[in-house]
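S.K.: Residue numbers (our numbering), protein chains in the order written: chain A, 549 to 692; chain B, 209 to 395.
Among the hints, erroneous ones may be present.
[To be verified] Pairwise CB distance ranges, derived in the manner of DEER restraints:
| # | chain 1 | residue 1 | chain 2 | residue 2 | range |
| --- | --- | --- | --- | --- | --- |
| 1 | A | Arg601 | B | Thr360 | 27 to 33 Å |
| 2 | B | Ala211 | A | Arg610 | 38 to 44 Å |
| 3 | A | Ala591 | B | Gly352 | 35 to 41 Å |
[What the hints assert, rightly or not] A few chain A residues facing chain B, derived, Cβ under 10 Å:
| # | residue |
| --- | --- |
| 4 | Leu560 |
| 5 | Arg565 |
| 6 | Ala578 |
| 7 | Ala583 |
| 8 | Glu584 |
| 9 | Leu587 |
| 10 | Arg613 |
| 11 | Pro624 |
| 12 | Thr629 |
| 13 | Ile630 |
| 14 | Ala633 |
| 15 | Glu639 |
| 16 | Pro642 |
| 17 | Ala648 |
| 18 | Val654 |
| 19 | Gly669 |
FYI, nobody ran anything at the bench for these hints, they're computed from the structure. No residue lacks a Cβ here, since even glycine has one placed at the ideal position from N, Cα and C.
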Amino acid sequence: MINRDDPEDRALWRTYRAAAPAEAEPDFMALAAYAEGRLEASAADALEAAIARDPALLADVRAARAVALGDVAAIPAPLRTIRMARALVVEPPPPAWRRAVGWTSVAAAILLVAALGFEFGVATADSLLLRGDGDLTLDQDTVL
Amino acid sequence: MPALVAGVPAAWRRFVDRYAGVIHAAVRNAVADSGRSIEDATDIAQDVFVRLCKDDYRLLRQFDPARASIVTWLTLVARSTAIDKLRRKQHRTVDIDDAPEAAVAIPAVEPEHIAIPPGLLTGRQALVLALLYDQDLDPAEAAGRLGVDVQTIRSTHHKAMVRLRHHFGTDGDGTAPTPVEPSRRQS
Numbered sequence: 549m550i551n552r553d554d555p556e557d558r559a560l561w562r563t564y565r566a567a568a569p570a571e572a573e574p575d576f577m578a579l580a581a582y583a584e585g586r587l588e589a590s591a592a593d594a595l596e597a598a599i600a601r602d603p604a605l606l607a608d609v610r611a612a613r614a615v616a617l618g619d620v621a622a623i624p625a626p627l628r629t630i631r632m633a634r635a636l637v638v639e640p641p642p643p644a645w646r647r648a649v650g651w652t653s654v655a656a657a658i659l660l661v662a663a664l665g666f667e668f669g670v671a672t673a674d675s676l677l678l679r680g681d682g683d684l685t686l687d688q689d690t691v692l
Numbered sequence: 209m210p211a212l213v214a215g216v217p218a219a220w221r222r223f224v225d226r227y228a229g230v231i232h233a234a235v236r237n238a239v240a241d242s243g244r245s246i247e248d249a250t251d252i253a254q255d256v257f258v259r260l261c262k263d264d265y266r267l268l269r270q271f272d273p274a275r276a277s278i279v280t281w282l283t284l285v286a287r288s289t290a291i292d293k294l295r296r297k298q299h300r301t302v303d304i305d306d307a308p309e310a311a312v313a314i315p316a317v318e319p320e321h322i323a324i325p326p327g328l329l330t331g332r333q334a335l336v337l338a339l340l341y342d343q344d345l346d347p348a349e350a351a352g353r354l355g356v357d358v359q360t361i362r363s364t365h366h367k368a369m370v371r372l373r374h375h376f377g378t379d380g381d382g383t384a385p386t387p388v389e390p391s392r393r394q395s
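The shape of chain A in the complex, shown without the other chains:
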């Protein structure tokens, strides 16, 4: 029979707790293995000593155990959560040489369009026939 009101037993426990060496903080992997009942006995014992000092860890283990057993219904994450999380890892910027090639290509394309436009303009001007009455007419064979 356990009498939790026995002051002597409480005093002994509190004296021990105050003076016992602190256990190292458990890592998530050990806690997860413990929650799934897969932690080796010696490590489980050390982990339980740590949990004795931090009862919040036991709540965490129980929650993790419920998830492992499928006792917790999944809650879809909000789209905002997913969007923000995805944005944490993005494609790295292209290397400098590739950017230089890209800008050079753009510049060359602009020059090409400008040159072609100029050629067409010259060809158009050459195709214009000045008639005696001053009208400017297009040669019928000219394709603009």
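Using the hints provided, position chain B relative to the given structure of chain A.
M.R.: Chain B only, in chain A's frame:
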């Protein structure tokens, strides 16, 4: 996992899509357990993802699928992150001019030294005593928390108390040691 910790964006997106629900649920439950508003859950969930990928995925690299499932592991990481964040919010600094003097007074204390040999109590014994005396659970509740039967709790408690009484020399004359009180210097 190799592609994930190598920083491949597509692998990260797949990871987020697959486990965002697990992380969100764990954070939401931790927030609810602490009695706080669940509107904090979205921001805290983002903190979890940041924690997973920061420092070149240092935390993710620690995951070992041979020891536990990733869902269990992520639940623990998420709960830990949530609880840490909620505790920091609770301990916001107060302007010292607004704090009463008693709140900022720190008495000087020197704890008495008591030698506790390693292994005096097993981890399970310490945990049972913590549940019974620190959390004031009755044996049935403690048994439920640990997934054992009540008789195991009673037996573990008994063995632990025998060890403590023997160590502190109270198993003969029935007198308990005085609980440790730190000595106080009057400043």
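S.K.: Now look at each hint and say whether the structure bears it out.
M.R.: Against the structure, the hints come out as follows:
no.	hint	in the structure
1	A:Arg601 - B:Thr360: 27 to 33 Å	violated, 21 Å
2	B:Ala211 - A:Arg610: 38 to 44 Å	violated, 33 Å
3	A:Ala591 - B:Gly352: 35 to 41 Å	violated, 23 Å
4	Leu560	holds, 4 Å
5	Arg565	holds, 8 Å
6	Ala578	holds, 8 Å
7	Ala583	holds, 5 Å
8	Glu584	holds, 5 Å
9	Leu587	holds, 8 Å
10	Arg613	holds, 8 Å
11	Pro624	holds, 5 Å
12	Thr629	holds, 5 Å
13	Ile630	holds, 5 Å
14	Ala633	holds, 4 Å
15	Glu639	holds, 5 Å
16	Pro642	violated, 14 Å
17	Ala648	violated, 24 Å
18	Val654	violated, 26 Å
19	Gly669	violated, 47 Å
Taken one by one, the earlier hints fail for this structure at numbers 1, 2, 3, 16, 17, 18 and 19, listed in ascending order.
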